[in-house]
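Q: These are the residues of each chain, in order.
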Amino acid sequence: MTMEIMEGSIAVAETVRLCRPQVISAYPITPQTHIVEGLASIVADGRLDAEYICVESEFSALSACIGASAAGSRVYSATTSQGLALMTEVVFNAAGMRLPIVMGIANRAISAPLSIWNDQQDSIMMRDSGWIQLYAEDNQEAIDMHILAYKVCEDHNILLPAFVCFDGFILSHVFEPIDIPSQELVDKFVGPFTPYQKLDVNDPISFGMYATPEYYLEFRYEHDQAVKRAAEAIKKYGKEFGEIFGRDYSELVVGYKLEDADIAIVAMGSICGTVKDAIDEMRAEGKKVGLLNLRCFRPFPSTDVAKALAHVNTIAVLDKNVSLGAKGAVAIEIKEACYGSNIPVYDYILGLGGRDVRKKDIKKIVDLAEKGEGDMFYGLREEVL
Amino acid sequence: MALGIGCTARPGNSRNNKTGSWRVFYPTMDTEKCTKCGTCQLICPEGCINQNSDKTYSIDLDFCKGCGMCAEECPDKAKAITMKMEEK
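First to last, the protein sequences are chains V and S. Residue numbering for the first sequence follows the working numbering, starting at 1 and increasing by one per position. Residue numbering for the second sequence follows the working numbering, starting at 1 and increasing by one per position.
All the given hints hold, so there is nothing to weed out.
Reference excerpt, derived from the structure (chain S facing chain V, CB under 7 Å, subset only):
hint, residue
1, Leu-3
2, Ile-5
3, Gly-6
4, Cys-7
5, Thr-8
These aren't lab readings, by the way, just hints derived from the structure by calculation. Quick reminder that beta carbons are idealized off the backbone N, C-alpha and C, glycines included.
Use the sequences and the hints to build the structure in full.
A: Spelled out as structure tokens, the structure:
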């Protein structure tokens with residue numbers, strides 16, 4: 001294993017190269033830009049034999065990916081925020097057509113107000129689209145999840161597209177030591193793409209056909225079943241990934257000092273790193289706090305969450321998103337997973353639009369949860385309201 | 001029709017995809033009254049009225065949406081088509 005210090009986006013581009021996509025189509029948007037710039041250079045330099053399709057919008061980018069995937073190619077795209085919002089119609093179509101497209105999401109806030117900074121509202125907005133959603137804590141996870149995603153998505157028992165989500169700027173623009181796996185190992189794990197079915201002039205089919213009321217419900221049921229099946233596929237291939245690359249992804253939820261914790265923090269993405277450091281300091285002060293890192297938001301691992309949190313007496317959920325008029329999307333799921341357990345679940349909406357979340361904030365949130373204060377926007381600047 | 005993964009379908013599939021389920025009213029044809037003028041066949045927007053070998057007409061209820069244009073346009077002297085409520 002060779003560790004290299006690399007920017008997250010460049011590491012993602014280099015890893016996508018190792019997965020040998022045959023078609024790449026994407027439109028640059030902050031903070032995803034370096035990924036597609038990187039891939040454009042890689043293709044132009046002849047380091048990857050792929051079609052790089054330049055398009056005029058994200059809507060077209062994912063549409064080109066749908067066409068290429070349906071024609072039997074392994075494809076890649078990446079976007080964020082407004083780009084993802086513009087893609088919306090195509091996002092749902094790609095999933096309904098059950099095309100194994102992998103797309104990197106450098107998570108960013110949604111307009112208005114305009115913000116180029118990080119939160120997770122963009123991918124959460126696509127919660128119900130039928131894509132798999134994986135969330136990386138650091139850049140090593142971001143690149144590993146790209147490799148894993150191809151394996152899971154292309155399984156003929158799954159056939160779904162996937163988002164690999166990593167926090168914009170906080171991960172996409174950060175230089176940190178990364179192990180970029182060898183081509184040989186990636187080839188061994190991912191292998192060549194074998195389409196389940198494809199567009200072929202000699203044996204024509206159409207994708208994404210019309211379904212009358214007699215069939216639509218059943219299509220949605222089968223799609224839902226496939227997303228649910230993906231949970232076991234991620235675990236299976238995550239274990240296989242660990243055997244080949246030495247980093248295990250067989251769990252959809254990962255605990256940190258959770259076994260004997262009284263208070264559990266539930267979080268998703270890069271914030272988990274901050275939470276772990278805060279937990280170490282709180283543990284030194286005698287507070288039994290633990291973390292449950294949600295690596296996978298869709299399919300939502302309800303049973304795994306309930307099992308991992310069964311012994312705690314308080315749950316604090318950190319949501320870098322909000323379903324306005326309701327709660328944070330993660331808290332809604334955690335409450336559902338823990339229904340009937342009588343463990344109080346407190347939601348904290350925080351870090352929206354790039355607001356820094358620090359160790360002291362995590363400690364304050366634990367204090368609030370202990371006092372039974374939650375279901376709030378954390379860190380509001382009262383003086384500007 | 002078995003569900004194709006990805007909502008895929010082969011050519012000619014629209015024959016299998018019955019679209020008559022939207023109907024609230026369905027047409028009935030009284031072949032005794034029918035003058036075989038063919039107006040109903042010409043007017044049907046779904047092309048689901050077909051002439052039989054004995055020159056009478058029959059209505060393909062697999063695809064008929066129940067718009068009632070055939071009954072409306074059937075000449076006054078015949079009035080061979082009557083719309084009836086679907087019992088669902």
